[in-house]
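A.B. asks: Sequence:
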Amino acid sequence: MASSFLSLLLLTTSALGATTVPSFVAPAPAPTATSPSIYVGASNTTLNKTTVVPGKSFDRFIQIWLENTDFDDAVNSTQFQKYIKQGLLLNSYYAVTHPSVKPNYIASVSGDFFGMHDDAFYSIPNNISTVVDLLDAKNISWASYQENEPSDGYLGFNFTQPNYLNTSAPPYTYYVRKHNPLIIFSSVSSVPARASLIRNFNDFAVDVNAGAYPQWSFITPNLVNDGHDTDVGFISSWLEFWLDPLLADENFNDNRTLILLTFDENENGKINNKVSSILLGGALPANLKGTNDSTYYTHYSTLSTVQLNWGLGTLGRGDANKTMANVFSFVADAAGYKNENITGAAIPLTNFSGTYPGALNANIYIPFIAPNVSAVSPAGQPVFLAPGLNTSLTLANAPAPVNLTAKGEPLPGGVGTPGVGGAPPAATSASGAGAKPTTAGGGGTSGAVGFGRTAASLAAVCVGVVVVGLGMIL
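Those letters in the sequence shown? Residues -17 to -1, 1 to 457, per mature numbering (1 follows the signal peptide of the UniProt record, and there is no 0), in order.
Mixed in with the good hints, there may be bad ones.
Distance condition first, Cα-Cα at most 30 angstroms in a straight line; then the derived BS3-like pairs of lysine-lysine [to be verified]:
# : residue 1 : residue 2
1 : LYS39     : LYS305
2 : LYS121    : LYS68
3 : LYS68     : LYS272
4 : LYS121    : LYS65
5 : LYS390    : LYS321
Restraint-style ranges between C-beta atoms, simulated for each label pair [to be verified]:
#  : residue 1 : residue 2 : range
6  : THR374    : ASN275    : 39 to 47 angstroms
7  : LYS121    : GLY337    : 19 to 27 angstroms
8  : ALA383    : GLY337    : 14 to 22 angstroms
9  : ASN373    : LYS68     : 21 to 29 angstroms
10 : PHE335    : ASP237    : 37 to 45 angstroms
11 : LYS32     : ALA231    : 18 to 26 angstroms
12 : THR33     : ASN346    : 39 to 47 angstroms
13 : ALA383    : SER336    : 18 to 26 angstroms
14 : PRO228    : GLY319    : 30 to 38 angstroms
15 : LYS39     : ASN255    : 29 to 37 angstroms
Hints are computed from structural coordinates only; laboratory data are not their basis. For every residue, glycine included, the Cβ atom is placed at its ideal position computed from N, Cα and C.
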């Protein structure tokens, strides 16, 4: 969160000559209009229209991620009050860790963050599965839309371009890899057909206008519009410009669309990590609009909810943890699924940072280990096992954590090394060549995949227990 303040300081000083949040500037004529001068990546033509795979409660799920805002600050703003009146406020929805960096983002698509706790470059091995594997298994269309991404499937650490908030100011970094979760997984980035579905906002406009918008999508605004470098007032201006018209566009929001508007984490790390999350869209039952849902949810709930809705398998990680992955209640009720009743002191503390062992934590390193292969999804389906998965490295025989930093050693397999396995240098700009998808995944494959935790908390995962005494949440 200190980096968020620094970015804000740099943005406002360079753009305006003073440490104030800049005024919102629309990056395009409309959310369904392309903007070649600001969204520098050209549209890669539209997606193909596909046969809709019907779900139990919705046929399309859209999640829009915003940044670093405390629950009260968001829900008390005028723009969010408007959405609360037309949607369902999930007032007990929590992020799974601090900082946002990448951990909450990758947890939402893979069910774990593998001990990740910093802003470094990561490329997660090929045999670590994501929600994409589950969707592809059922032929459910998907895409991720990243504002200011310079090209589809871009692998760079960030992208710097002319500052459109103030054209006389120095160039600014609007796009960062850390907020683009699927591209961090080699099982996506190393497959050209998948990497091409990590798209920019010019593509978004074309896809919506063509009526080819996918059934599952993950949307990340740029660093000013998501609030990372600004504040909730700036977010509100962007939402009024961008989301309000789309809510009335049936190519985006029809009567079978469910939209989650959420934040990666709260700003105050001294309190538990509750974030404002609102369900919107035509699929939301009319009797729930303008009401609250106090069921305990986390970012893992986005996985369990789509699993139940479409009859998908599980990843066997946080998405299979009964405590941490309650299904959105109206979806659970429609399918006859029973959520866990987690309230009060039973709500896990998830406001820790850097204390979780894992394959992406050089200070408390353990290898990637296998998921819980006996887990089942809320739909009763089995764990998806990626090709090349080695299930022999399990919770029972996980080695003790090692401090690689103290030993002066990097993370094994090149998972934290730009340039390994086809990954590009750490950063590029509008004046340089954009990195394109390659067929080589950074870091290759791991011996196994799954949770990165201490022995005590690892053992807890399989039975859905939350280990609070050690400060570790599963």
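A.B. asks: Does LYS390 pair with LYS321 here, judged by a C-alpha cut-off of 30 angstroms?
C.D. replies: violated, 47 angstroms
A.B. asks: Range first: 39 to 47 angstroms. Now tell me if the beta carbons of THR33 and ASN346 are that far apart.
C.D. replies: For THR33 and ASN346 the Cβ distance comes to about 44 angstroms; the hint holds.
A.B. asks: Looking only at beta-carbon atoms, does the pair LYS32, ALA231 fall within the given range of 18 to 26 angstroms?
C.D. replies: Holds: the Cβ-Cβ distance is about 21 angstroms, inside 18 to 26 angstroms.
A.B. asks: Tell me if the straight-line CA distance from LYS121 to LYS68 falls inside 30 angstroms.
C.D. replies: violated, 34 angstroms
A.B. asks: How does the Cβ-Cβ distance of ALA383 and SER336 compare with 18 to 26 angstroms: does it lie in that range?
C.D. replies: Since ALA383 and SER336 have Cβ atoms about 22 angstroms apart, the given range 18 to 26 angstroms holds.
A.B. asks: When you take the CB atoms of PRO228 and GLY319, is the distance between them in 30 to 38 angstroms?
C.D. replies: The hinted range 30 to 38 angstroms holds for PRO228 and GLY319, with Cβ atoms some 37 angstroms apart.
A.B. asks: Indicate whether the distance between the beta carbons of ALA383 and GLY337 respects the range 14 to 22 angstroms.
C.D. replies: holds, 18 angstroms
A.B. asks: So the hint says 21 to 29 angstroms: do the beta-carbon atoms of ASN373 and LYS68 match that?
C.D. replies: Distance hint for ASN373, LYS68 is violated at roughly 51 angstroms.
A.B. asks: In this structure, is the beta-carbon distance linking PHE335 and ASP237 contained in 37 to 45 angstroms?
C.D. replies: holds, 40 angstroms
A.B. asks: Can you let me know if the beta-carbon spacing of THR374 and ASN275 is within 39 to 47 angstroms?
C.D. replies: holds, 42 angstroms
A.B. asks: The hint says 19 to 27 angstroms between LYS121 and GLY337; measuring C-beta to C-beta, is that right?
C.D. replies: Since the Cβ atoms of LYS121 and GLY337 sit about 37 angstroms apart, the hinted range of 19 to 27 angstroms is violated.
A.B. asks: Is the straight-line distance between the alpha-carbon of LYS39 and that of LYS305 30 angstroms or less?
C.D. replies: Judged against 30 angstroms, a Cα distance of about 21 angstroms means the pair holds.
Of the hints listed earlier, those the structure fails to meet are numbers 2, 4, 5, 7, 9, in rising order.
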